[in-house]
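Undergrad: Sequence:
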Amino acid sequence: SPSYIEIIAYPVWLLLIVNLFIAIATSRVRIPNNILKVTPIVIIVFWVSQWVIRNDSVYLQPREYPILLSETTRELQQLTAENRRDGALSRVIILQNQGSPERLAEGYRIQRATDFSYSFLLELQGANIPVLNAYSHMISPHTFRLTNQLFSDGRPSWRQFSLYDNPNIDAMPKLGIHYVLSEFAITDSRLIQLSVRPFVAYGLFPTGREAFLYKISAPPDTTDISLQYGFENDRLRIIASSTEPQTLTVPIEFSRCLIFDPQDGALPTVVREESLGLTHITFSGDLNLVVRYENSIFQWQNCRIRDYLDFRKQSS
Numbered sequence: 109s110p111s112y113i114e115i116i117a118y119p120v121w122l123l124l125i126v127n128l129f130i131a132i133a134t135s136r137v138r139i140p141n142n143i144l145k146v147t148p149i150v151i152i153v154f155w156v157s158q159w160v161i162r163n164d165s166v167y168l169q170p171r172e173y174p175i176l177l178s179e180t181t182r183e184l185q186q187l188t189a190e191n192r193r194d195g196a197l198s199r200v201i202i203l204q205n206q207g208s209p210e211r212l213a214e215g216y217r218i219q220r221a222t223d224f225s226y227s228f229l230l231e232l233q234g235a236n237i238p239v240l241n242a243y244s245h246m247i248s249p250h251t252f253r254l255t256n257q258l259f260s261d262g263r264p265s266w267r268q269f270s271l272y273d274n275p276n277i278d279a280m281p282k283l284g285i286h287y288v289l290s291e292f293a294i295t296d297s298r299l300i301q302l303s304v305r306p307f308v309a310y311g312l313f314p315t316g317r318e319a320f321l322y323k324i325s326a327p328p329d330t331t332d333i334s335l336q337y338g339f340e341n342d343r344l345r346i347i348a349s350s351t352e353p354q355t356l357t358v359p360i361e362f363s364r365c366l367i368f369d370p371q372d373g374a375l376p377t378v379v380r381e382e383s384l385g386l387t388h389i390t391f392s393g394d395l396n397l398v399v400r401y402e403n404s405i406f407q408w409q410n411c412r413i414r415d416y417l418d419f420r421k422q423s424s
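If you want this note's numbering, it's the 1-based position in the sequence shown plus 108.
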């Protein structure tokens, strides 16, 4: 964006120009050293002052921080907290309108966030609610591309976070999605409508639109397995039990940086699930496994490079 260049380059150019004039002047007229020392400070003060005056609308408009949580977000906060107490992992997916009027002027070559997606992503992340749309360097290109194909029309997505507009209910449970927060109404027998509330952008600006919150109805459990998840600081504990060998799909992307620490018995078989790139754990009997993510510049395992090489193999 040109605005980034403006912010950085303008002060630099000003200092260079002033320095040029001072150099020309000092070659003919002797200027006291004190003035030369003060000049850059004066220029910076003038620069900051004009920037503040020109952008007065930024600090005169209603503040977006601290983030104001809507009733819908508070409801999701309570629901996901209950899921954690019950030993279940649950995520939310945010769905925006495919042809949003907010983006008519830009066309539809690329997906960009509507106020709905942006507002609720801020709210959910501020409330520590797991959301599939979150985007960071921890997400591989494979997952970014895959979820874009599963839950959108395949257009390139704006880089700040993943944008979805397709309610692909079949793919949601495998990724641990229990709740759907949508900008539009969805008619599907597998969805239970929890609430419909007015949508206020950033908790400040009424939009005249509504936020639809759904829960995915759980399919009947046909597996003979007892399973519970629990979080211990930054670690995930998986406790399971089965009388026969079972393969458990954990809705977390597999990575070479994941460390699997069995608390009882030998380490179970852990591999990457091929279709979605999730973590597959094969065990028999009782399972008590602690999973943690380790990666830093002080380690020699190069796990992120190995993740990248795995991605290259899948892409070839």
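Where hints are given, some of them may not hold.
Pairs of lysine to aspartate or glutamate, EDC-like flavour, derived with a Cα cap of 20 Å [unchecked claim]:
1. Lys-282 <-> Asp-223
2. Lys-323 <-> Glu-190
3. Lys-421 <-> Glu-381
Here are the computed distance ranges between Cβ atoms for each label pair [as the list claims (entries may be wrong)]:
4. Asp-332 <-> Ala-196: 23 to 29 Å
5. Ala-131 <-> His-245: 39 to 45 Å
6. Leu-417 <-> Asn-127: 44 to 50 Å
7. Asn-274 <-> Arg-380: 23 to 29 Å
8. Thr-390 <-> Pro-209: 37 to 43 Å
Simulated from the structure, these hints should not be mistaken for laboratory data. Glycine is no exception: its CB is placed at the ideal position from the N, C-alpha and C atoms.
Undergrad: Does each hint hold? Answer for all of them.
TA: Quick rundown of the hints versus the structure:
no.: 1; hint: Lys-282 <-> Asp-223; in the structure: violated, 28 Å
no.: 2; hint: Lys-323 <-> Glu-190; in the structure: holds, 14 Å
no.: 3; hint: Lys-421 <-> Glu-381; in the structure: holds, 14 Å
no.: 4; hint: Asp-332 <-> Ala-196: 23 to 29 Å; in the structure: violated, 18 Å
no.: 5; hint: Ala-131 <-> His-245: 39 to 45 Å; in the structure: holds, 44 Å
no.: 6; hint: Leu-417 <-> Asn-127: 44 to 50 Å; in the structure: holds, 49 Å
no.: 7; hint: Asn-274 <-> Arg-380: 23 to 29 Å; in the structure: holds, 25 Å
no.: 8; hint: Thr-390 <-> Pro-209: 37 to 43 Å; in the structure: violated, 49 Å
Violated hints, in rising order: 1, 4, 8; the structure is consistent with all others.
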